[in-house]
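Chemist: Next come the chains, spelled out residue by residue.
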Amino acid sequence: MDYIIAFLIGGFICGIGQLILDFTTLTPGHMLVLLTVIGALAGGFGLYQPFLSFAKAGALVPVTGFGASIAKGSLLEAERTGIIGLFTGAFEFTGQGLAVAVFFSAIAALFFSPRS
Amino acid sequence: MPSEKARKQITKMPETIQAAQEQKRRQEAYQQLVAERTPKPPYLRHFLVAFMTGGAVCALGQFVLGIFMGRGLDINAASAPTLAVMILLGIVLTAFGIYDEFAEFAGAGAAVPITGFANTVAASAMDFKHEGWVLGMGAKMFIIAGPVIVYGILSGVFASFITYIIRL
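Chains E and X, in that order, are what the protein sequence lines are. Going letter by letter, the first sequence gives residues 166 to 281 in my numbering. Going letter by letter, the second sequence gives residues 12 to 179 in my numbering.
Just so you know, the hints here were simulated from the structure itself, not pulled from any lab data. Since the structure is predicted, the reported quantities are computational estimates derived from the model, not experimental observations. Here a beta-carbon is modelled for each residue, glycine too, at the ideal position from N, C-alpha and C. One thing to keep in mind: the hints can contain errors.
[What the hints assert, rightly or not] Partner residues aside, some chain X positions facing chain E, computed with beta carbon under 7 Å: (1) V132; (2) L146; (3) G147; (4) M148.
[As the list claims (entries may be wrong)] What follows is a list of derived Cβ distance ranges for each label pair: (5) F219/E x Q32/X: 56 to 62 Å; (6) R37/X x F210/E: 56 to 62 Å; (7) P52/X x T253/E: 39 to 45 Å; (8) T246/E x M63/X: 39 to 45 Å; (9) P52/X x F219/E: 40 to 46 Å; (10) Y54/X x P215/E: 42 to 48 Å; (11) V161/X x T253/E: 55 to 61 Å; (12) E112/X x I249/E: 17 to 23 Å.
[Stated by the list, open to error] To be clear about the criterion: a stretch of chain X counts as covered by chain E if any three or more of its residues have a C-beta under 8 Å from a C-beta of chain E, and this derived list gives those stretches: (13) 77-90; (14) 150-163.
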């Protein structure tokens, strides 16, 4: 059941991204920023957590979930340790992924070249 | 009495206005023609392809999330390693050139999941290494993903700040 919901919700968010690309003149870079900001605002206002509990990976894997994860770490840490936590927590849930992205992208660049 | 020079200008003015109007009309007609002739993207097909492929990536993410949640982590604790694994997967597929082929077919279905974010980082790192390891690969790795992080932090910290103040 979790798989079906993740497929439907996650797929729907990707479909919206495609509609943004087709109906506007925004580039993919703009579209990703837009979705991330929507997710981060929803996360910061506490709206994304119930959505995440329902849709699980369907809410986490699209880039909206990345934005929401930034906001969630920020909010959780602020409530735990005070206002400085806003900044301490920003990478609480995303830092691991970012470190992986930097480390392994550098490794990839070391051993692989672009095809075209 | 208007001077000779002024009278010449007055009689000349309508012509320039007319010419300007004519030019504007032609430009508008051209723009309209361009809009008519530009092929419309097949909206529904694009949407469905992005829906199916993006949904499949998310279902794969659910599998990874399930592994971490099965080890006793709650969804918050499991989300960080799940994102990390999906990012690693995106980088490996990018390194072998598979993700770019997938993206060509899937469109936003490949770009919107976090694997697409990883793809932009890895592809930029590979693309810019010819400009040098420090100022090329090192500096431009986040050339597309950077704005996502910048505006994610800006809006996320801002919204969290508002919520934090309200809940005080």
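Chemist: State for each hint whether it applies.
Modeler: Going through the hints against the structure:
1. A least Cβ separation of about 5 Å between V132/X and chain E falls short of the 7 Å threshold, and the interface hint therefore holds.
2. For L146/X, the shortest C-beta to C-beta distance to chain E is roughly 14 Å, which exceeds 7 Å, and the interface hint is violated.
3. Given hint, G147/X at the interface with chain E, is violated; its Cβ is 9 Å from that chain's nearest Cβ, farther than 7 Å.
4. Evaluation of the M148/X hint against chain E yields a held restraint, the C-beta minimum of about 5 Å falling below 7 Å.
5. With their beta carbons about 58 Å apart, F219/E and Q32/X fall inside the hinted range of 56 to 62 Å.
6. Range check, R37/X to F210/E: about 50 Å between beta-carbon atoms, so the 56 to 62 Å window is missed.
7. Distance hint for P52/X and T253/E: a CB-CB separation of about 44 Å, consistent with the stated range 39 to 45 Å.
8. Range check, T246/E to M63/X: about 43 Å between beta-carbon atoms, so the 39 to 45 Å window is met.
9. For P52/X and F219/E, the hinted distance range of 40 to 46 Å is not satisfied, since their beta carbons lie about 31 Å from each other.
10. A hinted range of 42 to 48 Å for the beta carbons of Y54/X and P215/E is inconsistent with their spacing of about 31 Å.
11. Checked against the given bound of 55 to 61 Å, the beta carbons of V161/X and T253/E, roughly 18 Å apart, lie outside it.
12. About 45 Å separates the C-beta atoms of E112/X and I249/E, a value inconsistent with the hinted range of 17 to 23 Å.
13. For the segment 77-90 of chain X, the stated coverage by chain E is satisfied: 4 residues place a CB nearer than 8 Å to a CB of that chain, which reaches the threshold of 3.
14. Counting residues of the segment 150-163 of chain X whose beta carbon lies closer than 8 Å to any beta carbon of chain E gives 8, which reaches the threshold of three, so the coverage claim holds.
In summary, the structure is inconsistent with hints 2, 3, 6, 9, 10, 11, 12 from the numbered list given earlier, while agreeing with the others.
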